[in-house]
Amino acid sequence: MEIPLPLRTNISGRFSAMKTCSRKQFAPAFTLAPALRGRFRAFTLVEMLVVLGMIVILLSAVVPVVTSLSKANGRKAAMANLLGGIEQARAEAINTSQASYVVFPTFGAGTAQGTLDRYNYKSYAIFEDNAANPGSVKQVTPWKALPTGVALRATGTAALANLADPASLNPAPTFSFTPDTGTTPAFRCLKFNSNGEVEAPAANVLLGVFEGYVSNGIEVATTKDGSGNPSAVEYIAVAQFTGRAEPADAVATPTPTP
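Numbered per the working numbering, the sequence shown spans residues 1 to 258.
It should be emphasised that the hints constitute simulated quantities derived from the structure, not laboratory data. Glycine is no exception: its CB is placed at the ideal position from the N, C-alpha and C atoms. Hints may be right or wrong, so weigh each one.
[Stated by the list, open to error] Derived EDC-like pairs (lysine to aspartate or glutamate); straight-line CA-CA distance at most 16 Å:
| no. | residue 1 | residue 2 |
| --- | --- | --- |
| 1 | K138 | E128 |
| 2 | K76 | D249 |
| 3 | K144 | D180 |
| 4 | K144 | E87 |
| 5 | K144 | D165 |
| 6 | K138 | E197 |
| 7 | K76 | E246 |
[Said to hold, decoys possible] The following label-pair restraints were derived from C-beta to C-beta distances:
| no. | residue 1 | residue 2 | range |
| --- | --- | --- | --- |
| 8 | T157 | P134 | 32 to 40 Å |
| 9 | T157 | T222 | 13 to 21 Å |
| 10 | V50 | P179 | 50 to 58 Å |
| 11 | I57 | K138 | 26 to 34 Å |
| 12 | R244 | S136 | 24 to 32 Å |
| 13 | K138 | G217 | 26 to 34 Å |
| 14 | T184 | I57 | 49 to 57 Å |
| 15 | N216 | D165 | 13 to 21 Å |
| 16 | V50 | S231 | 36 to 44 Å |
| 17 | I218 | A131 | 36 to 44 Å |
| 18 | A203 | T141 | 34 to 42 Å |
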């Protein structure tokens, strides 16, 4: 069928117009790059300082919380360590039918700082009577140090002073401190008999673990209450007639005294 002339002219004109459109005529539709580049400009010095200031503020709020959690974890670890050691000594006495001892060393002035930091009022070892050599003792475990940042109480209701002095026992055991043979520590001990009972001291025993350290027999607490006493303290109670040890929150918790 033949297409009328006006229509042919119209169609050919449209094709002609399309053919004459160059790519340059469409370029303006793709000229957004400069505007986009403006959105991704670099930070100014003021903006960077503001961000750094916000980070410092957040860190100042977070660090004390993390430090507190770390100290609390240290106390929990020390409590678990001591509970395990006391139970081990009790079981040793029952299994071997020999008296066993949980021994704690304390040091005076002139002791090397490394020994004070690691062992003074914050370590123990287990000994037992030596059946092959009556009157002597043998060491069952190495000296175990409690986690950094905590120590055993020196004064107060749950003091090492409430433990037995080895020199007062009969027979009197002789303990040796092998990590630093140049020292002569004063020992305190907890003695179990072959029935698993606390033989010395002849009483229920309380041991306290606090955040801080002991210097020349004086507690230096890193966390204190309004009276200056250690406030972050946990206790272990050891029953005399069963030898069982448990956290003191299961019994009447003593009030710390300076």
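Going through the hints against the structure:
Note on K138 and E128: the hinted pairing holds, with a Cα-Cα distance of about 6 Å set against a maximum of 16 Å. For the proposed pair K76 and D249, the alpha carbon gap of about 13 Å is at most 16 Å, so the pair holds. Straight-line distance between C-alpha atoms of K144 and D180 comes to about 13 Å, which keeps the hinted pair within the 16 Å bound. Simply put, K144 and E87 have alpha-carbon atoms about 15 Å apart, close enough for the 16 Å limit, and the pair holds.
Restraint check for K144 and D165: not satisfied, since their Cα atoms lie roughly 20 Å apart, outside the 16 Å limit. Note on K138 and E197: the hinted pairing is violated, with a Cα-Cα distance of about 20 Å set against a maximum of 16 Å. A hinted pair counts as satisfied when its Cα atoms are at most 16 Å apart, and K76 with E246 qualifies at roughly 13 Å. At about 37 Å, the beta-carbon gap between T157 and P134 stays in the expected band of 32 to 40 Å.
Against the hinted window of 13 to 21 Å, the Cβ-Cβ separation of T157 and T222 comes to about 20 Å, which satisfies the hint. Checked against the hint of 50 to 58 Å, the pair V50 and P179 passes, with Cβ atoms roughly 52 Å apart. At about 58 Å, the CB distance of I57 to K138 disagrees with the hint of 26 to 34 Å. Our hint of 24 to 32 Å for R244 and S136 holds, since their Cβ atoms are close to 28 Å apart.
For K138 and G217, the Cβ-Cβ distance of about 30 Å falls inside the hinted range of 26 to 34 Å, so the restraint holds. In this structure, T184 and I57 meet the distance hint of 49 to 57 Å, their C-beta atoms being roughly 51 Å apart. For the hinted restraint 13 to 21 Å between N216 and D165, the CB-CB distance of approximately 19 Å keeps it satisfied. A hinted range of 36 to 44 Å holds for the C-beta pair V50 and S231, which are about 38 Å apart.
For the pair I218 and A131, the supplied restraint of 36 to 44 Å holds, since their beta-carbon distance comes to about 40 Å. For A203 and T141, the Cβ-Cβ distance of about 25 Å falls outside the hinted range of 34 to 42 Å, so the restraint is violated.
The structure fails to meet hints 5, 6, 11 and 18 from the earlier list, while all remaining hints are met.
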